[in-house]
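Take a look at the letters that make up each chain.
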Amino acid sequence: MKHIQKIGLGLFITGLAVFIALIFLGKYQLTPTQFETFISNNGIKSELFINDMKNNVVGKTFTNPFSLSSKITSALESANKTHETKKEWSKKVWGKPHSLAYEVAKTSGSGIIEENKGLFWWLTFGLGILGALLFIIPSIITLGPPGIKNNNVYHNSATNRGWIGWLVFIFLVTFYLLLYFRPEYIVNWTYIVDPISKSISGNPAGQWFLYGFLYCVVMVVMAVRMYIKYRNNKYQILRTTSVLFFQIVFAFLIPEILVRFEKPWYDFKNAFPLDYDFFFKWNLNELINSGGFGLFILIWGIVLTLVVVPVMVYFFGKRWYCSWVCGCGGLAETLGDPYRQLSNKTLKAWKFERWIIHSVLLFVLIMTGFTLYSYFSGAKVVLGIKTQTIQDIYSFLIGSIFAGVIGTGFYPIFGNRVWCRFGCPLAAYLGFVQRFKSRFRITTNGGQCISCGNCSTYCEQGIDVRAYAQKGENIIRSSCVGCGICSAVCPRGVLKLENGPEEGRINPTDILLGNDVDLMNLVNKK
Amino acid sequence: MEHIVIIGNGISGVTAARHIRKLSNKKITIISAETDYFFSRTALMYVYMGHLEFQHTQPYENWFWKKNRIDLKKGFVKAIETTSKTLYFAEGDTMLYDKLIIATGSKPNKFGWPGQDLNGVMGMYHKQDLDNLEKHAPNNKVCKRAVIVGGGLIGIELAEMLHSRHIPVTFLVRETSFWNGILPEGESEMINREILDNGIDLRLGVNLKEIKPDEKGHVKSIIIAETNEEIECNVVGLTAGVSPNIDFIKTSDIETGHGVKVNRFLETNIPDVYAIGDCTEQHEGIDQRRPIEAVWYTGRMMGETVAQTICDNKTAYKPGHWFNSAKFINIEYQTYGWVWALTKDNEARFYWEHEDGKKCIHLNYDKKTRAFIGINTFGIRMRHEFFDKVLNEKQSVDYVLEHLADANFDPEFYKLHEKDIVAKFNQENNTNIQLKKKSWKRIFQTS
Numbered sequence: 001m002k003h004i005q006k007i008g009l010g011l012f013i014t015g016l017a018v019f020i021a022l023i024f025l026g027k028y029q030l031t032p033t034q035f036e037t038f039i040s041n042n043g044i045k046s047e048l049f050i051n052d053m054k055n056n057v058v059g060k061t062f063t064n065p066f067s068l069s070s071k072i073t074s075a076l077e078s079a080n081k082t083h084e085t086k087k088e089w090s091k092k093v094w095g096k097p098h099s100l101a102y103e104v105a106k107t108s109g110s111g112i113i114e115e116n117k118g119l120f121w122w123l124t125f126g127l128g129i130l131g132a133l134l135f136i137i138p139s140i141i142t143l144g145p146p147g148i149k150n151n152n153v154y155h156n157s158a159t160n161r162g163w164i165g166w167l168v169f170i171f172l173v174t175f176y177l178l179l180y181f182r183p184e185y186i187v188n189w190t191y192i193v194d195p196i197s198k199s200i201s202g203n204p205a206g207q208w209f210l211y212g213f214l215y216c217v218v219m220v221v222m223a224v225r226m227y228i229k230y231r232n233n234k235y236q237i238l239r240t241t242s243v244l245f246f247q248i249v250f251a252f253l254i255p256e257i258l259v260r261f262e263k264p265w266y267d268f269k270n271a272f273p274l275d276y277d278f279f280f281k282w283n284l285n286e287l288i289n290s291g292g293f294g295l296f297i298l299i300w301g302i303v304l305t306l307v308v309v310p311v312m313v314y315f316f317g318k319r320w321y322c323s324w325v326c327g328c329g330g331l332a333e334t335l336g337d338p339y340r341q342l343s344n345k346t347l348k349a350w351k352f353e354r355w356i357i358h359s360v361l362l363f364v365l366i367m368t369g370f371t372l373y374s375y376f377s378g379a380k381v382v383l384g385i386k387t388q389t390i391q392d393i394y395s396f397l398i399g400s401i402f403a404g405v406i407g408t409g410f411y412p413i414f415g416n417r418v419w420c421r422f423g424c425p426l427a428a429y430l431g432f433v434q435r436f437k438s439r440f441r442i443t444t445n446g447g448q449c450i451s452c453g454n455c456s457t458y459c460e461q462g463i464d465v466r467a468y469a470q471k472g473e474n475i476i477r478s479s480c481v482g483c484g485i486c487s488a489v490c491p492r493g494v495l496k497l498e499n500g501p502e503e504g505r506i507n508p509t510d511i512l513l514g515n516d517v518d519l520m521n522l523v524n525k526k
Numbered sequence: 001m002e003h004i005v006i007i008g009n010g011i012s013g014v015t016a017a018r019h020i021r022k023l024s025n026k027k028i029t030i031i032s033a034e035t036d037y038f039f040s041r042t043a044l045m046y047v048y049m050g051h052l053e054f055q056h057t058q059p060y061e062n063w064f065w066k067k068n069r070i071d072l073k074k075g076f077v078k079a080i081e082t083t084s085k086t087l088y089f090a091e092g093d094t095m096l097y098d099k100l101i102i103a104t105g106s107k108p109n110k111f112g113w114p115g116q117d118l119n120g121v122m123g124m125y126h127k128q129d130l131d132n133l134e135k136h137a138p139n140n141k142v143c144k145r146a147v148i149v150g151g152g153l154i155g156i157e158l159a160e161m162l163h164s165r166h167i168p169v170t171f172l173v174r175e176t177s178f179w180n181g182i183l184p185e186g187e188s189e190m191i192n193r194e195i196l197d198n199g200i201d202l203r204l205g206v207n208l209k210e211i212k213p214d215e216k217g218h219v220k221s222i223i224i225a226e227t228n229e230e231i232e233c234n235v236v237g238l239t240a241g242v243s244p245n246i247d248f249i250k251t252s253d254i255e256t257g258h259g260v261k262v263n264r265f266l267e268t269n270i271p272d273v274y275a276i277g278d279c280t281e282q283h284e285g286i287d288q289r290r291p292i293e294a295v296w297y298t299g300r301m302m303g304e305t306v307a308q309t310i311c312d313n314k315t316a317y318k319p320g321h322w323f324n325s326a327k328f329i330n331i332e333y334q335t336y337g338w339v340w341a342l343t344k345d346n347e348a349r350f351y352w353e354h355e356d357g358k359k360c361i362h363l364n365y366d367k368k369t370r371a372f373i374g375i376n377t378f379g380i381r382m383r384h385e386f387f388d389k390v391l392n393e394k395q396s397v398d399y400v401l402e403h404l405a406d407a408n409f410d411p412e413f414y415k416l417h418e419k420d421i422v423a424k425f426n427q428e429n430n431t432n433i434q435l436k437k438k439s440w441k442r443i444f445q446t447s
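Going line by line, the protein sequences match chains A and B.
Sequential numbering of the first sequence, starting at 1, is according to UniProt numbering.
Sequential numbering of the second sequence, starting at 1, is according to UniProt numbering.
Just chain A, with the same shape it has in the complex (with noise of 0.2 angstroms):
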């Protein structure tokens, strides 16, 4: 079996690293005619920026994606730079620099990779996930008869922020930097994932149809891992199956073909305000000329919203969205699973939660206050602010870096869970709902509790559910996502999550269970 687990572990890290090495393969050469597209497809207007790239880049071979895209953004800046002195606003290049750049790469890539994108699939999805699963497997019976084996957890330096950890952070991060800033540096990687793409929208894939196959395989290959893991709990595999299935139908495929159908592509299961972006102008625009489907869309986002999160989580709490449906509580419980226990319990942590993710909801409300305002009103300054400036701040920091960046690239350091905990202004809205208004809690079982730290050491929401246990206490916290892991991992059987009656779901307790006390003897002295 360590045998099998080490050729699976070799297998896995030669895929990771071809796939690394994909970036730095490959040829570009932009032919006049792709070209001449280019410029008629962003129309662009600026003779310099025009002059400026036949002169450097049309008919020039790059090795790499890293002179192309500085000679094209340098290309744009200086052009830029001129028709702003001379104020010629028409001749400006509005395109975002680093995505101009990858449609440029995207057309005018050639080589060994976008010849052989079968065979580079599968010398990188391929081995990864032949690797992983051979390296997974095997655990069915390492692990020993089923339940709950936390063993050298904190003994392994992937899952105690040792080396390994620290190298799959540098990873993740930049993964996340590239993908969201200097997509064309990953072009090749879109390549492998074109004739996928092909076969279900009918457009050669993007970077971001990239992401979102790449999460799906990881979260299938991961949840394997959670099923053998969990296997003797009913709850963690439904949970599971159900964030699997949200993530690769709703998520990745009913999208992708709603874009092979012509109409706009829409994730049924994001809610506003984790769908940020929702109340956008371009947004709007699009579902409402895409005829009776995009309205269709339009009023099922804002009834999700207003109806369907706050009844549902008035009836099981906020899991049945961060648990069971959500894309990113999906990728934090399959992929993130192995770094829950990293999450920080203290209060200090706690404080900070509390102030970052109520300000990150305050933000988007205002940011979409501002936007709706604008779009009815025409108006572009709200109060002195370009609305434009505020959705631009908001989507870098709080779109990108926070949910992104942070968000998963941080799981090795800070725990799975870092966007949902501190960021997620949905999951401060679900948590509103869940603390005030909900027949969820987790119920602690009389006096049971031994204060092992187990519950509170693996809640990835960093919640210290041990201080609530061990005064036979109910937890009743906003940032619960119900994933049920304190109920798992507890020995003593100590708690459990239900979605009991509202009345007496908060319990302060003076005297725990055991103690014969003379009750009203307690009530009198109050």
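These are computed hints drawn from the structure, not numbers from a lab.
Some clues are possibly wrong.
Straight-line Cα separation of at most 25 angstroms, BS3-like style, residue types lysine-lysine; simulated pairs [claimed, not checked]: (1) A:Lys6 to B:Lys141; (2) B:Lys66 to A:Lys471; (3) A:Lys471 to B:Lys318; (4) B:Lys67 to A:Lys471; (5) A:Lys351 to B:Lys141; (6) B:Lys107 to A:Lys348; (7) A:Lys149 to B:Lys141; (8) A:Lys149 to B:Lys318; (9) B:Lys127 to A:Lys149; (10) B:Lys144 to A:Lys6; (11) B:Lys144 to A:Lys471; (12) A:Lys234 to B:Lys415.
Now the in silico label distances, taken between C-beta atoms and shown as ranges [unchecked claim]: (13) B:Arg174 to A:Ser157: 40 to 46 angstroms; (14) B:Thr176 to A:Leu143: 30 to 36 angstroms; (15) B:Phe413 to A:Leu25: 44 to 50 angstroms.
C-beta: ideal position from N, C-alpha, C; glycine also.
With chain A's structure known, arrange chain B on it following the hints.
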């Protein structure tokens, strides 16, 4: 300001301190030679197994003590002089108290086995035992085999710990079946199987004769008394129960037996000196309890109680219905009320075991009145409140069976076995008990 000094920072002492602080403004000092801060002793095993780091076993952050004005002193109390109310420390200093709470817990039993103090022989009780184990059994290269002597809760935990690092374990149990002084036959048999299923070399009905040293004074092997078999090993775990940790008290005026003798108010024979937790011995066992109870929960309850007394609300220690819990490798165990190892004359029993051999329940009830006496439950979680209420109301076993769905505390979507259980009971007893659907109303009915 009155100075309350507590010797021992375990669950009893710390609970007492916390409740005294809740109720009063008194000066509180907790003394410990073991660790700087309170930790959950029962969680030590998870540190070795790598589930937790030591800091995770500490229920309160380090600032908690200062914020709540609970002074912590690291030191070893060598002697108590009750006339001058002075504590003498091994380090040479002294401390005065107005009221003293002794909460020194237990220490592992040693029965004078030859070689019991060799290097590599240890209990599994103190933080120092854990450090010691980490030194002598860091992996299966340094420790090629470990032998555990004594078949109780700590023994099986130690076996599980060593097993988690793939160290072969031989487990010597004096009884003919694991923990059968406490567990009835069915349950005990189930745990025997669980131990064996996990690849632990369980030897029942054997005693330790001696522990043999190598030339460096380290454990080399052990000899089994019955067979004279020699088993080579690098670590020996002595887990044959614990006894009160009160050696330093025996030189004082405080009356001791096996433990510090206390009355129902947890007072010793000396005014202003109290004792709580594992180290105490009741003059007579309360209800059907033993005079010495080395259990987490009773320690906690005594801490709660003594705090009341010290804060001028003199309160007797009145433990409610017996309950306890443990985990035997993968099998969780809870018990409510009494289920003795052997059936008493007035008792009737009902035992149900799942076909997978990993779950069972055992009901104990009065033959004549059918009043419910207690339940053992393995691999199925049950609701504490439910059984507390049932016992208070002196309900019948039939009531318990009818309402098993209310009692279940397993996570959602778990397979329920109530139908099977009730059907088997009906069949064996010629009854016609009908299972009721779970009712939140009943579960939360308080009166």
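Q.
When the structure is checked against the list of hints, which entries are broken? Sort them ascending.
A. Violated: hints 5, 6, 8, 11.
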